[in-house]
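Chemist: In case you want the letters, here they are:
2 protein chains.
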Amino acid sequence: MKVYLAGPDVFLADARAIGEAKTARCAALGLEGLFPLANEVAAGHPAPSRAIFEGNLAMLRRADAVLANLTPFRGVSADPGTAFELGFAVAMGKPVAAYSNVPGDLKARVQSEIGLVQVGAELMLADGMAVEDFGLADNLMLSEAVAAGGLEVVRPLYPLADPWRDLGAFDAALAQLAALLAARPARVRSAPR
Amino acid sequence: MKVYLAGPDVFLADARAIGEAKTARCAALGLEGLFPLANEVAAGHPAPSRAIFEGNLAMLRRADAVLANLTPFRGVSADPGTAFELGFAVAMGKPVAAYSNVPGDLKARVQSEIGLVQVGAELMLADGMAVEDFGLADNLMLSEAVAAGGLEVVRPLYPLADPWRDLGAFDAALAQLAALLAARPARVRSAPR
Numbered sequence: 001m002k003v004y005l006a007g008p009d010v011f012l013a014d015a016r017a018i019g020e021a022k023t024a025r026c027a028a029l030g031l032e033g034l035f036p037l038a039n040e041v042a043a044g045h046p047a048p049s050r051a052i053f054e055g056n057l058a059m060l061r062r063a064d065a066v067l068a069n070l071t072p073f074r075g076v077s078a079d080p081g082t083a084f085e086l087g088f089a090v091a092m093g094k095p096v097a098a099y100s101n102v103p104g105d106l107k108a109r110v111q112s113e114i115g116l117v118q119v120g121a122e123l124m125l126a127d128g129m130a131v132e133d134f135g136l137a138d139n140l141m142l143s144e145a146v147a148a149g150g151l152e153v154v155r156p157l158y159p160l161a162d163p164w165r166d167l168g169a170f171d172a173a174l175a176q177l178a179a180l181l182a183a184r185p186a187r188v189r190s191a192p193r
Numbered sequence: 194m195k196v197y198l199a200g201p202d203v204f205l206a207d208a209r210a211i212g213e214a215k216t217a218r219c220a221a222l223g224l225e226g227l228f229p230l231a232n233e234v235a236a237g238h239p240a241p242s243r244a245i246f247e248g249n250l251a252m253l254r255r256a257d258a259v260l261a262n263l264t265p266f267r268g269v270s271a272d273p274g275t276a277f278e279l280g281f282a283v284a285m286g287k288p289v290a291a292y293s294n295v296p297g298d299l300k301a302r303v304q305s306e307i308g309l310v311q312v313g314a315e316l317m318l319a320d321g322m323a324v325e326d327f328g329l330a331d332n333l334m335l336s337e338a339v340a341a342g343g344l345e346v347v348r349p350l351y352p353l354a355d356p357w358r359d360l361g362a363f364d365a366a367l368a369q370l371a372a373l374l375a376a377r378p379a380r381v382r383s384a385p386r
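Protein chains in written order, with our numbering: chain A, 1 to 193; chain B, 194 to 386.
To be clear, the hints were calculated from the coordinates, so they are not data collected in a lab. If you're wondering where the values come from, they're calculated on a predicted model, not measured in any experiment. Glycine included, every Cβ here is placed at the ideal spot set by N, Cα and C. It is possible that part of the hints are untrue.
[What the hints assert, rightly or not] Derived DEER-like restraints, expressed as beta-carbon distance ranges:
(1) B:Leu353 with A:Glu122: 25 to 33 Å
(2) B:Ala375 with A:Leu123: 15 to 23 Å
(3) A:Met124 with B:Gly313: 18 to 26 Å
(4) B:Asp359 with A:Ala126: 15 to 23 Å
(5) A:Asp14 with B:Ala220: 48 to 56 Å
(6) B:Gly237 with A:Ala47: 22 to 30 Å
(7) B:Ala319 with A:Leu37: 19 to 27 Å
(8) A:Gly135 with B:Ala251: 19 to 27 Å
(9) A:Val117 with B:Leu353: 19 to 27 Å
Only chain A is shown next, with the shape it has when bound in the complex (with noise of 0.2 Å):
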């Protein structure tokens, strides 16, 4: 079975190394990673980005299931690729699993980030807009998709010292996401492509 490796990874200075590692302990579970790195194009193509994006689609209509990296990215929450290539899965059908390499939640990330000020009596968000109160490592949509299938968002339990290359949550997800996929082959294999 094939497993579509989403994450902001792609951006990383070595990225084709951290996909080499993850789909390496795809293999010793006895599926195939798909990291979207494959879909880059060569430098001179007349419409690169187009090419990349129906890569990556291409890539996941191919996949049965979808591991996301939603480890916060230049912000408080995931990457917006990852989180567009998640609903995509999603609404396709397929299983979703997905880890975060920062402990806690979206709420006090955001308290931490944006600050709080004294407003009346009351404190709020100094950006003026509210966060989401529901103890998830983020946007309740990515969170209650994860769920939904029966799994969790897998967080450390302390930061880590390099947030975007330690693999322990990612194992523990794909061991999830294996232990999923095992349990109802049939369902997985009817889903669309």
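Since the structure of chain A is provided, determine the placement of chain B on it from the hints.
Modeler: Chain B alone, transformed into the frame defined by chain A:
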């Protein structure tokens, strides 16, 4: 025809007023705007985040198209919940339109917010990760999803005084979507619900 109005607008203190303004503009074009704030649940609900998730997905399935607010939200990029919904809609074959209420492209925004550092003779982003260089409003999965339908992510030419409430780019994206829906009603009606 029904248009799902995706975006972090639901987190604004005056979310209800924004939703009413957006749905009124849809109605003026003969469209029914679906604003996900309607899926909020009462205090004390036993599983509020699951209920909102399911309510949003049911509303997305009912919609004939999606109009997404991709304005950067607490970081350099769009709200990941909105990105998830955009991917969900694309997988279902629904037309999607979008706007982002900041001028310029992702690369310039990332360089400005993350900062550049010199490594040897080269300038690199301070977080050591790459950024897409395609002149797009945000991550290519979002921008190309809109472009694949023949539309573009509408952006203002200059910074807006109130990017969370200015509806100029929303109106332009809505007009694009209305024209697209008028041009192919049969195809839209046959999309999966």
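Chemist: Could you run down the list of hints and mark each one as holding or not?
Modeler: Verification of the supplied hints:
no., hint, in the structure
1, B:Leu353 with A:Glu122: 25 to 33 Å, "holds (28 Å)"
2, B:Ala375 with A:Leu123: 15 to 23 Å, "violated (48 Å)"
3, A:Met124 with B:Gly313: 18 to 26 Å, "violated (45 Å)"
4, B:Asp359 with A:Ala126: 15 to 23 Å, "holds (21 Å)"
5, A:Asp14 with B:Ala220: 48 to 56 Å, "holds (52 Å)"
6, B:Gly237 with A:Ala47: 22 to 30 Å, "violated (52 Å)"
7, B:Ala319 with A:Leu37: 19 to 27 Å, "holds (22 Å)"
8, A:Gly135 with B:Ala251: 19 to 27 Å, "holds (24 Å)"
9, A:Val117 with B:Leu353: 19 to 27 Å, "holds (22 Å)"
Checked against the numbered hints listed earlier, the structure breaks hints 2, 3, 6; every other hint is satisfied.
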